[in-house]
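Let's have the full structure, built from the sequences with the hints guiding it.
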Amino acid sequence: MKCYCQVDADGHRYLLSDYLGSFFLSLCSFMSFFSKGRMYVVKLFENEIKVELLGKTSSPSAISYLDNGYVYVGSKMGDSWLVKLENKRSTLTSCAFTNMLRYIPFGLDEHNSFLTIVAKEGNLGPIVDFCALDYDGLGQDQIVTCSGGDADGSLKIMLNSLGVHHMAALRLDGLTGLNSTTGDLHSLLLSPSGSTDLWAIKRQSALYDDLLCLNFTSRTAILSITGEFEELSPESVPGFLCTVTSLYCGAIVGNRMLQVTERSARVIGPQFELIREWTPEDGRTVLFITPAPCVSILSTVESRITKVACNGRELVLVLGRRLVHLNLETWQSKSADCEHEVACVSVRAVSEGDTCLEYCAVGLWEEACVVVYKLPELSVLTKRSIGGDYIARALLIARYGEHDFLFCALGDGTMIYYKFHVQDEILKGDQVDLKT
Numbered sequence: 001m002k003c004y005c006q007v008d009a010d011g012h013r014y015l016l017s018d019y020l021g022s023f024f025l026s027l028c029s030f031m032s033f034f035s036k037g038r039m040y041v042v043k044l045f046e047n048e049i050k051v052e053l054l055g056k057t058s059s060p061s062a063i064s065y066l067d068n069g070y071v072y073v074g075s076k077m078g079d080s081w082l083v084k085l086e087n088k089r090s091t092l093t094s095c096a097f098t099n100m101l102r103y104i105p106f107g108l109d110e111h112n113s114f115l116t117i118v119a120k121e122g123n124l125g126p127i128v129d130f131c132a133l134d135y136d137g138l139g140q141d142q143i144v145t146c147s148g149g150d151a152d153g154s155l156k157i158m159l160n161s162l163g164v165h166h167m168a169a170l171r172l173d174g175l176t177g178l179n180s181t182t183g184d185l186h187s188l189l190l191s192p193s194g195s196t197d198l199w200a201i202k203r204q205s206a207l208y209d210d211l212l213c214l215n216f217t218s219r220t221a222i223l224s225i226t227g228e229f230e231e232l233s234p235e236s237v238p239g240f241l242c243t244v245t246s247l248y249c250g251a252i253v254g255n256r257m258l259q260v261t262e263r264s265a266r267v268i269g270p271q272f273e274l275i276r277e278w279t280p281e282d283g284r285t286v287l288f289i290t291p292a293p294c295v296s297i298l299s300t301v302e303s304r305i306t307k308v309a310c311n312g313r314e315l316v317l318v319l320g321r322r323l324v325h326l327n328l329e330t331w332q333s334k335s336a337d338c339e340h341e342v343a344c345v346s347v348r349a350v351s352e353g354d355t356c357l358e359y360c361a362v363g364l365w366e367e368a369c370v371v372v373y374k375l376p377e378l379s380v381l382t383k384r385s386i387g388g389d390y391i392a393r394a395l396l397i398a399r400y401g402e403h404d405f406l407f408c409a410l411g412d413g414t415m416i417y418y419k420f421h422v423q424d425e426i427l428k429g430d431q432v433d434l435k436t
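Under this note's numbering, the residue at position 334 of the sequence shown is numbered 334, and the numbers go up by one with no gaps.
Certain hints may be false.
[Stated by the list, open to error] Mimicking DSSO-like on lysine-lysine, the simulated pairs with C-alpha atoms at most 27 Å apart in a straight line are: (1) Lys419 - Lys383; (2) Lys202 - Lys156; (3) Lys76 - Lys156.
Please keep in mind that the hints were generated in silico from the structure rather than gathered at the bench.
Structure, rendered in structure tokens:
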């Protein structure tokens, strides 16, 4: 035996464990108790101590019985466990204490175990050796350690990655997308654009994302994720239009939020109150959206708004051939005319030295070209002809390494990428055939 702990105050039940992690319950042959000021000793068994095997744990360094059947098994050679002793009749054979060491527990399976694992606490130590290797050949080393000892010796791989913790599971019928938008404006400005119908919002008063805006086929749901997942009623979030679908939701400057629906763009306060609302003057409706965490752009075909992107400070709407820029702090606007209708759009902040400049790339329906606008002036920075018979169907401005690139996907499956040279106001490009 390696360690033990007392279960009852009268000392007639003990938990025992050996270096292999075999977990036993020992019943002593007598117990004592007090009654009416006298101590009584009761003999339970005849010339033996009953020992029953409960299950297997890691090799313990200490055992502590907590309460209500919960036991903490601490181990310096492996993982530490929190287990619960199940109240079930054991079918294992009891044996005398003198014969206990002859009991071999390797045939124990999960059906004979009377331990339920409640939680595990990982332990890398003791590390007797380790090495760093690039197993996948991707240029990112992984550390492989020789950890533990006794029956808990193992090889463990340490990765530089993010952990995912299960918080809740909800049945969501009609949900159409996924993305994340936080209140960190630096992250917003340096993030690529993308379409989405689910947004995680971190308000400035929150440490983590605390709201989920979910877009369904006929409504918008607002979920609070600060504790348990809970859908907020429309009355508790009056600034949001919950009876219609949303095209974009996100955090903006001033600890505020933005919601774009088919008919309006709404600025919402931290208490979910409506602060300001923009609606097309002639009743145009929004069809599609391309939200970019960098700059907000809505584009329209004829009389309808079709695309949108937002960087938390700027909102740009495309109404027909007209680009309309709105500053979300001052609500000042700027407009410019495109030569043709917009087929696709992408926005991103491009870093130059200590400054961060905002750009918008637009693909046109009637001309095979890409036009890059500088924001908030909406001035044309450069125009690049794609060539061929296919127009741009998707655009993405992204940063790789120390350079910014504009990726352009055509209708035939071809991708063209350009390298940004903002100071020279040119795009240097190459072509990659991705097929379809």
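Checklist entry - When the hints from earlier in the document are held up against this structure, which numbers fail? => result Per hint list: single violation, 2.
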